[in-house]
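These protein sequences, in sequence, are chains U and S. My numbering numbers the first residue of the first sequence as 1 and each following residue consecutively. My numbering numbers the first residue of the second sequence as 1001 and each following residue consecutively.
Errors might be hidden in some of the hints.
To give an idea of the chain U side of the interface with chain S (calculated C-beta under 8 Å), a few residues [as the list claims (entries may be wrong)]:
1. Pro-52
2. Asp-53
3. Leu-56
4. Ala-60
5. Ile-61
6. Ala-64
7. Leu-65
8. Ile-68
9. Ile-69
10. Ile-74
11. Asn-76
12. Asn-80
So the derived label-pair ranges between C-beta atoms look like this [to be verified]:
13. S:Leu-1005 / U:Ile-2: 51 to 59 Å
14. U:Thr-77 / S:Ile-1012: 34 to 42 Å
15. U:Lys-26 / S:Ile-1087: 24 to 32 Å
16. S:Gly-1032 / U:Ile-10: 32 to 40 Å
17. U:Lys-26 / S:Phe-1191: 47 to 55 Å
18. S:His-1163 / U:Thr-77: 20 to 28 Å
Because the hints were derived from the structure by calculation, they are not lab data. Idealized CB from N, CA, C, for every residue including glycine.
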Amino acid sequence: MITYVVIFSILAVLLVASALYAVIQKDLLAAVISTGVVSLILSVFFYLMQAPDVALTEAAIGIALTTIIFVITIRNTSRNEDETVDNNLEKF
Amino acid sequence: MKKVLVLVLLVIVGYFLTDTFNLIPFGENRIGNPQDEETVAGYYLNNTAEKTSVANTVTAIVVNYRGFDTLGEVTVLFLATTGLGSILFRRKEDEEEIERINKPSSSLMQTGSRVLFPLIALLGIYVFIHGHLTPGGGFQGGAIIATGFLLMLISYKNFKAGHTMLNWVESIAGITFVTIGLWGLLTGGTFLENTLPAGELNNLISGGVIPIIYIAVGFKVAAELTGVLDILLNIKPKK
Chain U
1 MITYVVIFSI LAVLLVASAL YAVIQKDLLA AVISTGVVSL ILSVFFYLMQ APDVALTEAA
61 IGIALTTIIF VITIRNTSRN EDETVDNNLE KF
Chain S
1001 MKKVLVLVLL VIVGYFLTDT FNLIPFGENR IGNPQDEETV AGYYLNNTAE KTSVANTVTA
1061 IVVNYRGFDT LGEVTVLFLA TTGLGSILFR RKEDEEEIER INKPSSSLMQ TGSRVLFPLI
1121 ALLGIYVFIH GHLTPGGGFQ GGAIIATGFL LMLISYKNFK AGHTMLNWVE SIAGITFVTI
1181 GLWGLLTGGT FLENTLPAGE LNNLISGGVI PIIYIAVGFK VAAELTGVLD ILLNIKPKK
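With the rest of the complex left out, here is chain U:
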């Protein structure tokens, strides 16, 4: 039981940390990989909480497909967060 709690707490801290890193990071590729890590830890969580169905979905969609789709998008646009994006949004 103690090992379970310890593993759980470490994973929870890592989950929040990588989610925060994804928000703060200006390099979008690093941010996308970091959201992939969030999905990885989340799928381990689902497995530990006895929801293997959801864990399988999260593993396939969250880690592989979503990350790759974002990486392709970054390849086709720009890698760094644009400081002028906020100004552009106001035009709409």
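Position chain S relative to chain U; hints supplied.
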């Protein structure tokens, strides 16, 4: 004018939300406990195995009890793929070669993905064929197969996914799902009614139409997600 409309919409949505939530006493257990058959959770957990001969209760709910919702989900995925394709699909002009990847992958990557692809596809097929026995099902298996195709698409320059083939697989799988639903309507009385014999619990061929529907869903999801990845990878990168 626009702001007034937004306000009116917000008031309507807010009214119905509060009205609905006022019906539920705060903090009450609405799902029920697994022992009590009068509640939802207890009913599903105690009756699924004997009524539908499906070991995985989640699958029984997704495909049988709530099968119509699953048809809606599959349609949403289909519409998303169609929309993406109609916006981004690029016909090859003058036999020009589309640069999916800038340079060929290393031989380590190529050999590795050639070894891994059949294994990943096998795992995906296993997951959706055994959807009624073990965790997982059509969506999960299809997504796993799509990751296998992704590995091949990014490591081989001349690996073609074949859009005609993908469209055919997708259409046939979707038609199978709807046909089974209509068959249930004709022979049983309700859409997607499980009219085939239920079989014995824990056998591979059991659960009536549930495995057939999940296999169709698996092929459909795999074809759709592979199509999305292929379309996205074929966009020309901005120089």
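Double-check U:Ala-64 for me: the hint is only fine if its C-beta lies closer than 8 Å to a C-beta in chain S.
-> holds (4 Å)
Could you say whether the range 20 to 28 Å given as a hint is met by the Cβ separation of S:His-1163 and U:Thr-77?
-> holds (25 Å)
Any CB of chain S closer than 8 Å to the CB of U:Pro-52?
-> holds (4 Å)
Satisfaction of the hinted span 34 to 42 Å by the C-beta atoms belonging to U:Thr-77 and S:Ile-1012 = holds (38 Å)
Mind checking the CB of U:Ile-61 against every CB in chain S and telling me if the closest is under 8 Å?
-> Holds: closest Cβ of chain S sits about 5 Å from U:Ile-61, inside 8 Å.
Does U:Ile-68 pass the interface check with chain S, least Cβ-Cβ distance below 8 Å?
-> Hint holds; U:Ile-68 Cβ to chain S Cβ min 6 Å, cut 8 Å.
Range hint compliance [Cβ, U:Lys-26 to S:Phe-1191, 47 to 55 Å] = Holds: the Cβ-Cβ distance is about 51 Å, inside 47 to 55 Å.
For the hint on U:Leu-65, does the least C-beta distance to chain S fall short of 8 Å?
-> holds (6 Å)
Against chain S, run the beta carbon of U:Asn-80 and see if the smallest gap drops under 8 Å.
-> At about 14 Å, which exceeds the 8 Å cut-off, the nearest Cβ of chain S leaves the hint on U:Asn-80 violated.
Restraint check, 8 Å cut-off on beta carbons, for U:Asp-53 near chain S = holds (5 Å)
Should the hint that S:Gly-1032 and U:Ile-10 are 32 to 40 Å apart at their CB atoms be regarded as holding?
-> holds (34 Å)
Measuring from the C-beta of U:Ala-60 to each C-beta in chain S, is the shortest one below 8 Å?
-> Result: holds, 4 Å to nearest chain S Cβ.
Hint violations for this structure: numbers 10 and 12, all remaining hints satisfied.
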